Amino acid sequence: MNDMRRTILWSVFAFSLLMLWDGWLRHTGQPSMFAPTPVAEVASAASAAASGAGVGSVPSPTAAQTAAATPAGVASAPVAAPREQVVVSTDTLRATVDTLGGNLVKVELLKHRDQEHPDRHVVVLEQSAAHTYLAQSGLVHRQTGDMPDHTTPMTVLTPARELATGSDALELKLESTAVNGVKRVLTYTFPRGGYVIDVKQEVLNTSAAPVRPQLYVQLVRDGVVPAASGFLGAPTSYTGPAFYTADAKFQKVEFKHIEEAGDDKTKLEFVKAADNGWVSVVQHYFASAWLRNEKGTREFYAHKVGPNLYAVGMLFSLGDVAAGQSSSFKSQLFVGPQEEKKLEAIAPGLELVKDYGMVTILAKPLFWLLHFIHENVIQNWGWAIVLLVVLLKAAFYWLNAKAYASMAKMKAINPKIQEMRERLKDKPQEMQQEMLKIYREEKVNPVGGCLPIVIQIPVFIALYWVLLSSVEIRNAPWVGWITDLSVKDPFFVLPALMTLSTLLRTWLNPTPPDPVQAKMMWIMPMVFSVMFFFFPAGLVLYWLTNNILSIAQQWMINRSIEGAAAKKA
82 MNDMRRTILW SVFAFSLLML WDGWLRHTGQ PSMFAPTPVA EVASAASAAA
132 SGAGVGSVPS PTAAQTAAAT PAGVASAPVA APREQVVVST DTLRATVDTL
182 GGNLVKVELL KHRDQEHPDR HVVVLEQSAA HTYLAQSGLV HRQTGDMPDH
232 TTPMTVLTPA RELATGSDAL ELKLESTAVN GVKRVLTYTF PRGGYVIDVK
282 QEVLNTSAAP VRPQLYVQLV RDGVVPAASG FLGAPTSYTG PAFYTADAKF
332 QKVEFKHIEE AGDDKTKLEF VKAADNGWVS VVQHYFASAW LRNEKGTREF
382 YAHKVGPNLY AVGMLFSLGD VAAGQSSSFK SQLFVGPQEE KKLEAIAPGL
432 ELVKDYGMVT ILAKPLFWLL HFIHENVIQN WGWAIVLLVV LLKAAFYWLN
482 AKAYASMAKM KAINPKIQEM RERLKDKPQE MQQEMLKIYR EEKVNPVGGC
532 LPIVIQIPVF IALYWVLLSS VEIRNAPWVG WITDLSVKDP FFVLPALMTL
582 STLLRTWLNP TPPDPVQAKM MWIMPMVFSV MFFFFPAGLV LYWLTNNILS
632 IAQQWMINRS IEGAAAKKA
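In this text, residue positions in the sequence shown follow the working numbering: the first is 82, and each later residue adds one.
Any given hint could be a false lead.
With beta-carbon atoms standing in for the labels, derived distance ranges [as the list claims (entries may be wrong)]: (1) Ala210 / Lys376: 51 to 57 Å; (2) Gly274 / Ala210: 54 to 60 Å; (3) Ile536 / Ile604: 43 to 49 Å; (4) Ala329 / Ile604: 19 to 25 Å; (5) Ala475 / Gly247: 48 to 54 Å; (6) Leu584 / Leu472: 24 to 30 Å; (7) Ala476 / Ala210: 50 to 56 Å; (8) Gln514 / Lys330: 34 to 40 Å; (9) Lys330 / Glu456: 23 to 29 Å; (10) Ala329 / Lys422: 22 to 28 Å.
No wet-lab data here; the hints were simulated from the structure.
Computed from a predicted structure; not experimentally measured.
Backbone N, C-alpha and C define an ideal beta-carbon position, used for all residues, glycine too.
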């Protein structure tokens, strides 16, 4: 029975180490042990991004729309003003709009610093030789395809480039050249203090015949996973496209699945049409999403548009626009941090871009509690983590008490077991029977110290993901030298304290009768602790707090059992 208990404990511990190692591999861009990553064609993507050619073909769910992907109509359109990269700034964003198509080609988040380069801001959307990630929109016609799209030259109509003092929003308006008598007027409205950009599209039919355009909004990104963000050994959240509808909820479509599907869209498992929903591209801490909260028919699509380049988006029908008339369409573009509570208020289900994976059902209430503590008890994420662990330990107090009581009893009878093993070392069957007899006489369950701990593992894994995924903790200080809970402790003080606390917990546990197991009981915690030297400070703080509370509880239980044994003697 003692061997069974040890086997269960080591199995759980080994599995945890395996998952952490796999997370390390995935976080540093290496192939996962369970799902090999497709080889990224980085060089080709960089070349396409640098030239601007083939970036983001017009959506083509049907064969007729495929023709629209070729900007043939654009070539014959009148030449607009010279191509320009228009940079606009608010208090939260610095956005770059390309007048060739009116695409958003760069968005910097002015309230978030790059952790590897603190003098720089976080960049979400970007078009460079190394990375392509764009927000595009345009018009397409099912029959001809000749309408202003994301490759049609545009002219800037508004002079403002910075958000004025006292103003709530900054407006940037662009107008396209006419293509077959149709113009597109694109208006971006950048808000003060927010990350949701209002996007208004107007269709002006200056021709002599009615037209029936469709409008698409899409995100185009290469399939390269972001590089490690400053710490080792910690897996990150999902990176890739995701769709949402009220019925199907959150649906992830990995880049590799889009690659594998090719022209066969039936291989991609997501809802292709609905009267609600949005499309997004998700990465660790940040996301972008095209939104339209008003109900109305829309088609969802995902396809490859170049070497290691993928487009995901929505397609809307605008109905007939008579000759000399116009039609307008409003949507929103979110580009910003995954602040869960704020995302909930922007669009239904948008908070799901903060992906907790399989532990979502446990992670969401844990984050709610952590956020509640931070907002209502103490305005410091570090102390909020400490208080959350205290509350969890209190909730599991009696379960832990049973586990520690079982361990303490095992430690108390350990000398008797050691003596018996030495006496019967040449009689294994008799040794086993004698051991069971001792357990019965002392009323000790050798598995009793293991099961209560196993029950709690999912909760603490969920808390691990809450701390790992929450952008709210990014750049959040705790005390003194800990200025960012999402990166490793710069002086390794917390990991050193956690190592010492882990060794103290090991000392408080019963020593295994087997000398090899006894040595492993000391070696494995040391190995595990070394990994924590590269973990985010917030995660180490959580483990350190948990260790300290566990040591206090186990010491109290050991003292009470020793006292009871002394009275009995």
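Structure-based check of each hint:
1. The hinted window of 51 to 57 Å between Ala210 and Lys376 is violated, with their beta carbons roughly 41 Å apart.
2. The hinted range of 54 to 60 Å is not satisfied by Gly274 and Ala210, whose Cβ atoms lie roughly 33 Å apart.
3. Checked against the hint of 43 to 49 Å, the pair Ile536 and Ile604 fails, with Cβ atoms roughly 26 Å apart.
4. At about 48 Å, the CB distance of Ala329 to Ile604 disagrees with the hint of 19 to 25 Å.
5. Our hint of 48 to 54 Å for Ala475 and Gly247 holds, since their Cβ atoms are close to 49 Å apart.
6. In this structure, Leu584 and Leu472 meet the distance hint of 24 to 30 Å, their C-beta atoms being roughly 26 Å apart.
7. A beta carbon spacing of about 52 Å between Ala476 and Ala210 agrees with the range 50 to 56 Å that was offered as a hint.
8. In this structure the hint that Gln514 and Lys330 lie 34 to 40 Å apart at CB is violated, the actual value being about 56 Å.
9. Hint check: Lys330 to Glu456, Cβ distance near 27 Å, so the stated range 23 to 29 Å holds.
10. Hint check: Ala329 to Lys422, Cβ distance near 24 Å, so the stated range 22 to 28 Å holds.
Hint violations for this structure: numbers 1, 2, 3, 4, 8, all remaining hints satisfied.
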